[in-house]
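Engineer: So you can see what is in the structure, the chains are spelled out below.
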Amino acid sequence: MSVLLTRRKLITTGLAAAAGASGLGVAAYLAKRYNLIPPDHGGIYGVGETLTYAAHRVLTSGHSLAREFDRSQISKVIPVNGKHPEVDAYQRLLAGGFADWKLTIDGLVDRPSSFSVADLKRFPSHSQITHQACEEGWSFIAEWRGARLSDVLHSVGVQPQAKWVFFFTFDKWWDSLDIPDALHPQTFLAYGMNGQEMPLDHGAPVRLKVARQLGYKSLKYLSRITVTDTMKNIGDGLGSGSPGAGYSWYAGI
Amino acid sequence: MAEAAHLREIPIAEADASNPPRHSAVVRITHWITAVSVFVLLLSGIAILLAHPRLYWGETGAREGPSLIDLPLPFVLDVPIRGPGRYLHFTFAWVCVLTGLFYGLFGLFSRHFRKHLLPTRNSLSWRLISRHLRLTRPTEEEALSYNVVQRLSYLGVVFVLFPLIIWTGLAMSPAVTSVFPWLATVLGGQQSARTIHFFTTIAIVLFVLVHVAMVFRAGFASRTWPMITGRLSARPRSKPSHNEEEGS
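Read top to bottom, the protein sequences are chains A and B.
193 is the number that the working numbering gives to position 193 of the first sequence; each next residue is one higher, with no gaps.
326 is the number that the working numbering gives to position 73 of the second sequence; each next residue is one higher, with no gaps.
It is worth saying that the hints were derived from the structure and are not from the lab.
It is possible that part of the hints are untrue.
Sample of chain A residues at the chain B side, in silico, Cβ under 7 Å [claimed, not checked]:
1. G42
2. Y45
3. H56
4. L59
5. S61
6. S64
7. R67
8. E68
9. S75
10. G137
11. W138
12. S139
13. I141
14. G246
15. I253
Stretch by stretch, here's where chain B covers chain A in the computed footprint (C-beta under 8 Å, at least three residues) [as the list claims (entries may be wrong)]:
16. 11–21
17. 48–55
18. 208–221
Glycine included, each C-beta is placed from N, C-alpha and C at the ideal position.
Using the sequences provided together with the hints, build the complete structure.
Structural biologist: What follows is the structure, encoded as structure tokens:
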């Protein structure tokens, strides 16, 4: 009896372990196959980050839209976070009213191009009244106006092997989005805010607006966009300056 | 009679009838994993809170506008834990949630909730509740099962506080609320969710403080040992009469 029980227990445990191991293997394969692994998947926090990113990608696979609000809900007070860039290149553009500002788009695109603010305004103009939360805890609602990043990317012809869209700015920040968020209808190259041109404090002349992630993904003071199929050789290879400082690359939270 | 009824509910291990398991292996393992993750979530949560120790009601809130509560804490942005605190919080949120899911399913299917946590009909009297609130020392038999106040507290933690803290956590995610907007709107907005998340934390901390104080009061070793080993005591006790009744 006890021998039988032990053997049964042994077989059950063995089968469970085998099922668990192959389950993990299948999960890892599927995660890789369907791009469910974030760049900061390594290290002790990597498992949690991967679970969050994969869960969100599966959950939002129906292209869900961030909550939009009524005009009356636009915040009276809009906090300013950080100073505008002090580098000469930016100061010169600012002095010229951004007439000479150009956004370069290169990398895995058929027609590398540069866009002035006027060029971006020739794309269909869209607006959204959405919430923006800072990882610190404060938040506000504003109306953002701009071109959809997807429209601009389609105009330069994104190549099929593209996986990431990198953003560089006139300040120290750089970041990247995966294709689902880059092509999301609420991801804007925003040139207007609350009915005005993009204010200096909020990223003039053009900032990124990523509605389904925390504020730090909506980079201000854009200068260049690069489409890639890898994260290697760009900064520390973690897809953004954030993970190095302890903030997750994916900020849908 | 009532005592005999709940004594029968205590599972007796085949091997050692004189020293029956007080808590099943699943309860013990999930208890300690949850304990560790709650501790880490609290520490990392404090690190996150210190970046902006102000609470609001509604959808939005910022330092320049009105607040609901200004917590008597400093604004601390430059601490080493500030960034990693967030990674830590989400890593242990997964540990806590997955452990909780496992425990919840186990509790449902093994009838752990019904047998050990749901108060018996007879126990739901003010006389008994007030007797337990006055911390009357239980008899040895009574101590083998949770009393009505314990049951209600544990049910509150398992079915109210933990679901609420997970809900309010998810309600702060712009990606999650893009799929389930009601998670935030039902609560009054994203900042309301943050505020409720904070007060639910306070409630959980209060529970843990009282829980640990009660464990000390009842006897630290005699209550903690069964939660580690499942056994009532380190050494098999001399056979008490009630075990013979069980007949194993």
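Engineer: Compare the structure with each hint and give your call.
Structural biologist: Results of checking the hints against the structure:
Taken as an interface hint, A/G42 does not check out: its beta carbon lies about 12 Å from the nearest beta carbon of chain B, beyond 7 Å. Proximity of A/Y45 to chain B holds as hinted, the smallest CB-CB distance being about 4 Å (cut-off 7 Å). With a cut of 7 Å, the hint placing A/H56 at the interface with chain B holds, because the nearest CB-to-CB distance is about 5 Å. Taking 7 Å as the C-beta contact cut-off toward chain B, the hint placing A/L59 at the interface holds, the least distance being around 5 Å.
A least Cβ separation of about 10 Å between A/S61 and chain B goes past the 7 Å threshold, and the interface hint is therefore violated. Checking A/S64 against chain B: minimum C-beta separation of about 4 Å stays under 7 Å; hint holds. Checking A/R67 against chain B by beta carbon gives a least distance of about 5 Å; that is within 7 Å, so the hint holds. Given the 7 Å rule on beta carbons, the hint for A/E68 is violated: about 10 Å separates it from the nearest Cβ of chain B.
Against a cut-off of 7 Å between C-beta atoms, the interface hint on A/S75 holds, since the closest Cβ of chain B lies about 5 Å away. Against a cut-off of 7 Å between C-beta atoms, the interface hint on A/G137 holds, since the closest Cβ of chain B lies about 3 Å away. Here the hint on A/W138 is kept, as its CB sits about 4 Å from the closest CB of chain B, short of 7 Å. For A/S139, the interface hint holds, the least distance from its beta-carbon to any beta-carbon of chain B being 5 Å, beneath 7 Å.
Hint status for A/I141 relative to chain B: holds, with the closest Cβ pair at about 5 Å, below 7 Å. The closest approach between the C-beta of A/G246 and any C-beta of chain B is roughly 2 Å, which is under the 7 Å cut-off, so the hint is satisfied. Hint status for A/I253 relative to chain B: holds, with the closest Cβ pair at about 4 Å, below 7 Å. A stretch counts as covered by a chain when three or more of its residues have a beta carbon under 8 Å from one of that chain; for the region 11–21 of chain A and chain B the count is 0, and the coverage is violated.
By the rule of at least three residues with a Cβ nearer than 8 Å to a Cβ of chain B, the coverage given for the region 48–55 of chain A holds, with 4 such residues. Proximity of the region 208–221 of chain A to chain B, defined as three or more residues with a beta carbon under 8 Å from a beta carbon of that chain, is established by the 4 residues found.
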